[in-house]
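A.B. asks: The lines below spell out each chain.
Number of protein chains: 2
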Amino acid sequence: MNAIRIELSTNKKQKPEVSELGFGKYYTDHMVILDYDASIGWHDARVVPYQPITLDPAAKVFHYGQTVFEGLKAYLTADGPIRLFRPRKNFERLNRSNERLSIPHLDEELALEALKLLILTDREWIPSAEGTSLYIRPFIIATEAALGVNPSTQYKFMIIMSPVGSYYAEGIHPVKIFVESEYVRAVKGGVGNAKTAGNYAAGLKAQENATKQGSSQVLWLDGVHRKYIEEVGSMNVFFNINGTIVTPALNGSILDGITRDSIIQLLKHWNIPVEERALSIDEIVEAHGNGSLVEAFGTGTAAVISPIGELLWLGHKLSINNGETGELSAKLYDNLTGIQKGTVEDPFGWILTLDDREATGVSAVNAQSHKS
Amino acid sequence: MNAIRIELSTNKKQKPEVSELGFGKYYTDHMVILDYDASIGWHDARVVPYQPITLDPAAKVFHYGQTVFEGLKAYLTADGPIRLFRPRKNFERLNRSNERLSIPHLDEELALEALKLLILTDREWIPSAEGTSLYIRPFIIATEAALGVNPSTQYKFMIIMSPVGSYYAEGIHPVKIFVESEYVRAVKGGVGNAKTAGNYAAGLKAQENATKQGSSQVLWLDGVHRKYIEEVGSMNVFFNINGTIVTPALNGSILDGITRDSIIQLLKHWNIPVEERALSIDEIVEAHGNGSLVEAFGTGTAAVISPIGELLWLGHKLSINNGETGELSAKLYDNLTGIQKGTVEDPFGWILTLDDREATGVSAVNAQSHKS
Ligand SMILES: Cc1ncc(COP(=O)(O)O)c(C=O)c1O
Ligand SMILES: Cc1ncc(COP(=O)(O)O)c(C=O)c1O
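If you read the protein sequences in the order shown, they are chains V and U. The end of the first sequence is residue 378 by the numbering used here, with every number in the run present. The end of the second sequence is residue 378 by the numbering used here, with every number in the run present.
For reference, chain V alone in the conformation it holds in the complex (with noise of 0.2 Å):
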């Protein structure tokens, strides 16, 4: 049994201004913390005051990477209660991710407890301006001190929480990427469609060269034919083609987004026609060339919806719908941001909304139990 208890902070920090938050800069005044050891199970499951992590240096994760990760969100409304988009479906991700990292399986219902109580007791940092919300991070690393390649004995499991400014400061609106030809994110039979550090670590020299060559992101190629289209840096991607919206099918190598699910579920909701199939670069620049290519947009929890407006191919730029956001990217923004903050209505139950008011009694004795 695993009882989830509390160790609350007498030393809160102070709160930063909304226009000072950016992206995972401020961190909130709790995290929670599960130890998991190959003899016990993952076991004491808490709630404790935001705290460096101390570890031998020989610990796994400084060594051979072993770690996956999970990026979600938590939004409020002035007057609404806290709302969580989908997030069953992170905790899912991170045990498809656990597997193929051959970390350990978590119990996905106490990691949602534990979040919860976490949200609660770390309310006030929910940022409720337009375009702010609650960042939130769990991930779990290896941490036995052994230098032998082989899976930890040990982890910890671990959530933390960071207040996200508007991703979008004057409104949506569109990003220039840079399609990489010369180094490669994943390939099938690695680890691309699992959320763990190395896959992000390949990819900062490209993000590096990107960010030269003025665009601000990064849309990989496939590993083996170096042409089919995988994804953009930390997003799906999707191309509007004569109406029909286009995206890479999930073949091993990419993240399958929650953003990217949810994308696909509205467009069919709409009755938009909606293809998942491999789609090259030749196709989207033939597309482009004799304009059937009508839009562009990456999805992802951070900006949920990031119009392309132009691509850069070998040295050719490539603007799409004169470089501005377009129609279907504007309206999948509107509704899917509206869902999140409650300001539009939720038909697929997406939503799983935090009474602020059990907040009030957060204690290690209303702390719920679950079997291990």
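Careful: at least some of the hints might be erroneous.
Think about it this way: if two alpha-carbon atoms lie no more than 27 Å apart in a straight line, the pair counts; the simulated BS3-like pairs of lysine-lysine are [to be verified]:
#, chain 1, residue 1, chain 2, residue 2
1, V, Lys194, U, Lys18
2, U, Lys194, V, Lys182
3, U, Lys337, U, Lys218
4, U, Lys194, V, Lys194
If you're looking for bench data, these hints aren't it; they were derived computationally from the structure.
Position chain U with the ligands against the provided structure of chain V, taking the given hints into account.
C.D. replies: Here is chain U with the ligands on its own, set in the frame of chain V:
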């Protein structure tokens, strides 16, 4: 200017018995730490008591795996000086890994001086029994506490050391290797030629499967054609085909092993034909079929030479040299370990000796100074 300061441990650990050493389980009394901050560069090189490191849970290494490492060994014989095998090669490779992972360049001579000082400080930890050595693990981790996906502005370089036992309890003997057909370790354009954590995380699952099938390691095939031989777990791989020694060329997705380079030099020195080229698993199966596959072996710092007695490929067992250690494998092992231990002449200038007597005077005073 960078002086290396020393803080000696007042609480020395008990040294393990030679029979208990294993690999990477015990750590010496001291470690090296060097900090990096974007505003001051690398600074404060120090030898300090082996100690836990304390990091913010948002430190980039936990989330985005921005980290590199190295592995080398120091050897001691009963009467000889302390011997390091080609240590500059490791710090050069560390910097090539740094370049790929967007980690700032490290002064290789400073790193080497810090290592020497550490070894002299912990010289009593170097085992001298047959087959034993002191394994040295330099590594760098990204420590900035920020969730944006971009290179860290802060890092820690560390060196930890572990006395390790003989890789071969009863003399050199062949291993069984599983040729992987499902999972891929790395692909051209990725980070396969860098010594970075994510590559090892990506290999854990395949390694677990190989172990279940009775093999001790995985032989990786390339991620594009899924047929060209890459490398083995933490070793490069060589095949003796009718007297010509063939090893995969450095193609961007495998590590340029220092043992691999040493073996190639040794073979050339002996006028044995050696080829670095693309080598498919089909060619190996054919050579096995027609009797021209004479020997196969892996090369790496840990085992030096690891003869391969059997390949398991798509359910077929390919026995090599009757599952016994080949003539050339044995000769290479004897010569390379002989050079390392000082019992065989070193015609290449590979050995850097540390005069044990220097140790008597180890102090912050005689630590050398360096430009940063
Ligand atoms: C590599 C990658 N692709 C896609 C996404 C989008 O996934 P989601 O919509 O679940 O945020 C993310 C970010 O989470 C990501 O890191
Ligand atoms: C992936 C990989 N390949 C090859 C090697 C062999 O390299 P070296 O001979 O420098 O130890 C290692 C180990 O260091 C390794 O980790």
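A.B. asks: Failing hints, ascending?
C.D. replies: Failing hints, ascending: 1, 3.
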